[in-house]
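S.K.: Construct the complete structure from the given sequences, taking the supplied hints into account.
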Amino acid sequence: MRPIFSILASAAVLLSATLSEAKSLTGNRVLVLLDDLNSAGEYSKFWSSLEDREYKINYSTPQNQSDVLIAMAKRNYDHVVHFAPHSKVAQDSQFSNRALIKFVDMGGNLLIGLTPNTQDAMRDLLREFDIELDTRNHRVFDDSSYDEGLDAGAFDTLVTENIVSPKPIVGEVNAPILFRGVGHQVGSIPLLNRVLATEGNAFSGEVGDSSREKGAIDLVSSLQARNNARVSVAGSLDLFSNIFIDSPVSRKSKSGGVEKFARSGNKEFTDELSRWTFQEKSVLKVFDHRHHKEGETQKLETYRIKDNITYTIEIAEYDGEKWTPYHASDVQLEVIMLDPYIRTTLDEAHIAPEHHYARYKSHLTLPDVYGVFTFKVNYKRPGLTYLTVEDVVAIRPFRHDEYPRFLSAAYPYYVSVGSMIVGFLVFSGTWLFTWGSREEAKVVVQSKVSKK
Amino acid sequence: MSAMQDLAPAIKRLANSYQQTTSISLKFIDIYLVFIMGSGILQFVYMLAAGTFPYNAFLAGFISSVGSFVLAANLRIQTNAQNSPDFKGISPERAFADFAVCSILLHLFCVNFLG
Numbered sequence: 001m002r003p004i005f006s007i008l009a010s011a012a013v014l015l016s017a018t019l020s021e022a023k024s025l026t027g028n029r030v031l032v033l034l035d036d037l038n039s040a041g042e043y044s045k046f047w048s049s050l051e052d053r054e055y056k057i058n059y060s061t062p063q064n065q066s067d068v069l070i071a072m073a074k075r076n077y078d079h080v081v082h083f084a085p086h087s088k089v090a091q092d093s094q095f096s097n098r099a100l101i102k103f104v105d106m107g108g109n110l111l112i113g114l115t116p117n118t119q120d121a122m123r124d125l126l127r128e129f130d131i132e133l134d135t136r137n138h139r140v141f142d143d144s145s146y147d148e149g150l151d152a153g154a155f156d157t158l159v160t161e162n163i164v165s166p167k168p169i170v171g172e173v174n175a176p177i178l179f180r181g182v183g184h185q186v187g188s189i190p191l192l193n194r195v196l197a198t199e200g201n202a203f204s205g206e207v208g209d210s211s212r213e214k215g216a217i218d219l220v221s222s223l224q225a226r227n228n229a230r231v232s233v234a235g236s237l238d239l240f241s242n243i244f245i246d247s248p249v250s251r252k253s254k255s256g257g258v259e260k261f262a263r264s265g266n267k268e269f270t271d272e273l274s275r276w277t278f279q280e281k282s283v284l285k286v287f288d289h290r291h292h293k294e295g296e297t298q299k300l301e302t303y304r305i306k307d308n309i310t311y312t313i314e315i316a317e318y319d320g321e322k323w324t325p326y327h328a329s330d331v332q333l334e335v336i337m338l339d340p341y342i343r344t345t346l347d348e349a350h351i352a353p354e355h356h357y358a359r360y361k362s363h364l365t366l367p368d369v370y371g372v373f374t375f376k377v378n379y380k381r382p383g384l385t386y387l388t389v390e391d392v393v394a395i396r397p398f399r400h401d402e403y404p405r406f407l408s409a410a411y412p413y414y415v416s417v418g419s420m421i422v423g424f425l426v427f428s429g430t431w432l433f434t435w436g437s438r439e440e441a442k443v444v445v446q447s448k449v450s451k452k
Numbered sequence: 001m002s003a004m005q006d007l008a009p010a011i012k013r014l015a016n017s018y019q020q021t022t023s024i025s026l027k028f029i030d031i032y033l034v035f036i037m038g039s040g041i042l043q044f045v046y047m048l049a050a051g052t053f054p055y056n057a058f059l060a061g062f063i064s065s066v067g068s069f070v071l072a073a074n075l076r077i078q079t080n081a082q083n084s085p086d087f088k089g090i091s092p093e094r095a096f097a098d099f100a101v102c103s104i105l106l107h108l109f110c111v112n113f114l115g
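Residue numbers (the UniProt record's numbering), protein chains in the order written: chain A, 1 to 452; chain B, 1 to 115.
Calculated directly from the structure, the hints in this document are not laboratory data. In this text the structure is predicted, and so the values were computed from the model without any measurement. Using N, Cα and C, we set each Cβ at its ideal position, and we do this for glycine too. Please note that the accuracy of each hint is not assured.
As the list claims (entries may be wrong) - To give an idea of the interface, some chain A residues facing chain B are shown, with a C-beta separation under 10 Å as derived from the structure: (1) 39; (2) 40; (3) 41; (4) 374; (5) 403; (6) 404; (7) 407; (8) 409; (9) 411; (10) 412; (11) 421; (12) 424; (13) 427; (14) 431; (15) 432.
M.R.: Encoded structure:
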């Protein structure tokens with residue numbers, strides 16, 4: 001008994017140690033898939049940035065079938081960096097589209113890098129995420145915003161500062177970003193967010209193409225699945241390369257001169273993108289949610305119609321190190337029975353600063369309808385973990401003794417009923433006391449009738 | 001004008017005939033009926049003026065008036081000597097007992113519903 005115990009204990013210690021190390025909330029096991037293992041060095045700065053953030057990286061190729069993504073219904077890895085757009089993958093491969101989709105379904109995160117020569121299998125995978133890659137061998141050109149140092153005269157080494165992502169994914173990057181690769185179009189599913197786009201004058205086509213449909217082309221997009229697994233797709237592998245990360249940027253400015261930056265924003269951008277994709281930031285969690293009658297503290301399963309209640313929810317955001325209070329003004333509570341009867345904004349309440357969560361509160365009067373209701377906080381914002389919290393409560397009507405009584409407005413009716421009773425008693429009494437005279441009267445009437 | 005002149009003696013004759021031919025017990029019932037009707041009308045006017053809240057109290061008060069009126073009217077019909085051929089099986093005692101029991105039941109219900 002004792003050895004098993006100690007093994008368990010040490011396992012628990014190990015587990016907690018690994019958990020506390022990882023900056024990602026999902027885990028620290030990363031699988032990097034490359035077309036050619038020798039090319040790993042081209043992205044060494046990106047890998048070391050990941051390693052600095054406590055990730056354990058395994059390098060592999062899609063052809064290497066000894067590495068298994070999912071084994072015994074459990075993920076072997078927490079994150080996959082898929083930098084192998086040129087590899088042909090068999091249907092039954094360990095890294096087939098089906099396996100990758102299943103990996104995402106099981107909560108794994110996926111970071112995908114592409115080139116203009118991306119294989120069809122990868123294009124099919126992207127369609128699963130509602131992303132349509134531009135035609136094979138088409139690439140993005142921009143002759144008004146290209147890097148003069150790296151570009152070889154094709155105008156395909158773009159310089160862009162057009163970060164279109166919601167704040168939670170990639171905030172601000174201080175220098176322009178270098179990009180060489182393929183563009184895509186995003187579909188209409190709301191789980192998908194555009195992150196990086198070109199600056200206006202770009203177009204997509206083959207080298208030497210003359211047809212130019214100009215407009216902002218999407219270069220990087222991110223998707224957060226319903227299970228909060230995250231997928232990012234970058235149309236350029238060079239985006240992550242040492243050359244682009246270290247390169248200075250110089251481009252023609254709109255005024256005609258030359259804009260120079262000592263270093264591209266690629267490091268900052270790829271770090272932020274990988275932090276978001278690997279669940280290191282913009283992760284929300286509900287610490288507690290409760291409801292009780294105004295003036296009480298006990299959580300009830302049954303409330304009465306028109307009860308005044310308080311609903312409280314505590315939300316925290318993960319910043320890569322610890323949980324911090326999540327501040328927002330758009331958290332809403334719905335009281336639903338098929339339709340929302342009440343939809344109200346929850347106000348942030350002041351709590352002691354040492355708390356690692358923010359508390360939101362609402363005081364509300366329950367609807368004048370009885371039935372089974374759901375208190376629901378359904379908080380889904382682009383780039384942030386989707387939160388759905390539901391409590392089912394019964395709302396009952398007034399009991400027979402809970403109605404208000406002795407209302408002043410009802411006094412005339414009380415008097416009336418009372419007077420009816422008194423009237424009945426007085427009438428009956430008089431009637432009975434005059435019983436004899438009634439008989440006489442009848443006789444009188446009869447005699448009068450007979451006289452006539 | 002001539003209609004009014006015809007009407008006045010008609011009313012006078014009606015009043016005279018009522019005075020002379022109606023028994024005291026029926027006159028008692030008539031007074032009781034007038035009192036009930038007045039109470040019912042007052043409540044209805046109050047409801048129109050003050051609104052239907054609390055509706056259950058209004059219903060209890062009004063139904064108590066209407067019910068009392070109906071019961072008293074029945075008593076009047078059944079104890080009227082002129083109607084005795086129609087109510088051969090119902091003696092005035094029996095009619096009064098019916099009236100009393102029904103009134104007590106009615107008032108119990110009304111008080112209960114008054115809230």
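S.K.: Confirm or reject each hint.
M.R.: Hint by hint, here is what the structure shows:
no.: 1; hint: 39; result: violated, 81 Å
no.: 2; hint: 40; result: violated, 80 Å
no.: 3; hint: 41; result: violated, 83 Å
no.: 4; hint: 374; result: violated, 32 Å
no.: 5; hint: 403; result: holds, 6 Å
no.: 6; hint: 404; result: holds, 8 Å
no.: 7; hint: 407; result: holds, 6 Å
no.: 8; hint: 409; result: holds, 6 Å
no.: 9; hint: 411; result: holds, 9 Å
no.: 10; hint: 412; result: holds, 5 Å
no.: 11; hint: 421; result: holds, 5 Å
no.: 12; hint: 424; result: holds, 5 Å
no.: 13; hint: 427; result: holds, 5 Å
no.: 14; hint: 431; result: holds, 6 Å
no.: 15; hint: 432; result: holds, 8 Å
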